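A.B. asks: As a plain string of letters, each chain reads:
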Amino acid sequence: MRSSLFWDFLLLSFVKERKKHIGVIFISVVILFLLDSTLFVSSSIKHSLLGALKAQPDFIVQRVHAGERIDMPLEWADKIMDIHGVSSITPRVYGRYFFEPKHAPVLIMGVDFLDEQSHRALAKLISKTDLKSFLSSDQMIVGDGVMQYLKSHFYSDAYNFLTPKGKFKKVKIAEVLPQSSSLLSNTMIIMPIDLAREVLGMDEETVSDIALNVPNDDEWENISDKISALYYDLRIVSKEEVQKGYENLYNYKGGYFLILFLITLATFALILYQRYSTLYSAERRHIGLLRAMGWKISDLLKFKLYETLIVIIIAFVLAFVLSYGFVFGLGAPLIRQIFLGGGEIVNAAPLVPVVDGSVLSTLFLLYAVPFVAAVLIPVWRISVTDPKEAML
Amino acid sequence: MIKIENLNRVFQDGSDEVQVLKNIDLEITDGECVILKGISGSGKTTLLSIIAGLDRPSSGKLLVDGEPIAKLPDEHLSAFRAKRIGMVFQHFNLLEHLSVYENVIVPLVSTDISKDEAKQKAEEAMRLANISHKAQMESSRLSGGEKQRVAIARALVADPDLILCDEPTANLDRANSLKFIEIIKHLHDMSKTIIIATHDPLFDALEFDHRVVPMEAGEIISAE
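Going down the list, the sequences are from chains G and W.
For the first sequence, the working numbering assigns the number 1 to the initial residue and increments by one for each residue that follows.
For the second sequence, the working numbering assigns the number 393 to the initial residue and increments by one for each residue that follows.
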């Protein structure tokens, strides 16, 4: 079979029978669009989160009772600092606070006046506020989602926190964290450490947990063992574990939808298979006729394979372009809520364009292989029968 | 030369066996025009399909130039159909979404010839079938007679030496049937071997050399 005549006929046939293909392309684009969009959102969030988590401390030491984290004495930080190999240590104060009336949860983080690491991280995010004056007053820096929530409840300059002691504490809003950091900071409120303790109802000599760095990777296991030996109720969480936790969370969310879409894809393949296996009489006659005209079985399979590949490529490229625009241009409305939560505090973090090549090729194979099989197997079954029978 | 010896074709109808062709013996020499004559169900279309390599006999021998075509593997049987057989079907069997020219070219797509050569052959075949003037028209818009001529052009495009026609005038009016017979006469003059399965009385009085082979209930009554 000389290629030029074959290709001419293939393209001609495809164009002339376009109505037959448009339906299949449309369904394919819808399925692939949803699948691509989910994977783009998932990849983008994971990429941004893992990038942000690189700045995390090497270890976090928590006190655990009954499987739950509880506050720990500040003096334990000194004991940990005494371990040889620990370079820096940051006692952290944080906790959940629920905004009434809708019980919207936020995370209050206390920043230590003396902690340089936190100062540096914070200085990168804020522009208007002088950090030293901020740390010495009753002010807070809030995430974008928190600000939007407060505004919607008519708090634009300050908020009155109700402390566990039953008193109101008015805290002024000094600045809003940039939207680009919303993935991590959307529901976050940063305030001086003593103010955070007061709002959360914590004692002066207690902390939520202790973050520490160990520059020598080889010492990680050794130091982890030493810390564990200090107190019986400690849990040590490494940076890798935090990262894996996030990865698993988004893999789980992405995976859940992947399974749903795979079921849809499988159904689609079954429909196609059924369509071609009970090939409507015109299609059967078409195959029988081409065989009667001298087409070999291999010619027919080649023809149908290329015809199917054209459909697949058009659908795949179209779905890719549409979903790319939908996710990174329009911000993936609806789908992002699945990943970033759709609670009272809306997360408007921008999605950084990230396309995972391996995920995309897997998706292509998952779509293309069943599709090609669903078309070619029935065509082959008809091709191997006598042309006269196929034309009946 | 086509040689058929003791050929049988049996179809399975549930648990019953239906013998459509019974002990067929027939010889057709090159350049001969043979009319297989008989009423519906006499087995002439089945015999034609077996000669064309579209169906296989249940038993017996079919040799085309000494080659047992029914036993050929797909690769060779397809090549035989592509290069040696030109088939005209009762219902034309055109690809309705394609134009006349595109329909005519279909048998050449599976061969090794170039695009230019294919174009030349298609134009020549359309000229022989007197349908060149409708080359770009979509097949679905043609009349019955025109469709028949497209089917003839398609059958001729690969320049086969064996033309097989199954009830070629069944869907044509008298004028178009006569035109078809004119084309057949022309092909006969070109020394093509022609086999026509028909029950049309128009073929009783052909004005060129031909042989009528009457068939009845799957048997040839007289091959003389």
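Hints were generated in silico from the structure; no laboratory data involved.
Keep in mind it's a predicted model, so treat the numbers as computed, not measured.
You may find that some hints are simply not true.
[Said to hold, decoys possible] Listed below are the simulated EDC-like cross-link pairs for lysine to aspartate or glutamate, each with C-alpha atoms no more than 20 Å apart in a straight line: (1) W/463 - G/389; (2) G/302 - W/467; (3) W/513 - G/8; (4) G/302 - W/417; (5) G/19 - W/417; (6) G/172 - G/219; (7) G/16 - W/530; (8) G/304 - W/488; (9) W/463 - W/530; (10) G/388 - W/466; (11) G/304 - W/467; (12) W/511 - G/389; (13) W/463 - G/8; (14) G/388 - W/467; (15) G/304 - W/466.
A.B. asks: It remains to establish, for every hint, whether it holds in the given structure.
C.D. replies: Results of checking the hints against the structure:
1. W/463 - G/389: holds, 17 Å
2. G/302 - W/467: The hint holds at about 14 Å.
3. W/513 - G/8: Roughly 16 Å between the alpha carbons, so the hint for residue 513 of chain W and residue 8 of chain G holds.
4. G/302 - W/417: Roughly 39 Å between the alpha carbons, so the hint for residue 302 of chain G and residue 417 of chain W is violated.
5. G/19 - W/417: With Cα atoms ~49 Å apart, residue 19 of chain G and residue 417 of chain W exceed 20 Å; violated.
6. G/172 - G/219: Judged against 20 Å, a Cα distance of about 44 Å means the pair is violated.
7. G/16 - W/530: Answer holds: residue 16 of chain G to residue 530 of chain W is near 11 Å, not above 20 Å.
8. G/304 - W/488: Roughly 18 Å separates the two Cα atoms, so the pair holds.
9. W/463 - W/530: With Cα atoms ~38 Å apart, residue 463 of chain W and residue 530 of chain W exceed 20 Å; violated.
10. G/388 - W/466: holds, 14 Å
11. G/304 - W/467: holds, 18 Å
12. W/511 - G/389: Not satisfied, since the Cα-Cα distance of roughly 31 Å exceeds 20 Å.
13. W/463 - G/8: violated, 33 Å
14. G/388 - W/467: holds, 17 Å
15. G/304 - W/466: Holds: residue 304 of chain G and residue 466 of chain W sit about 18 Å apart, inside 20 Å.
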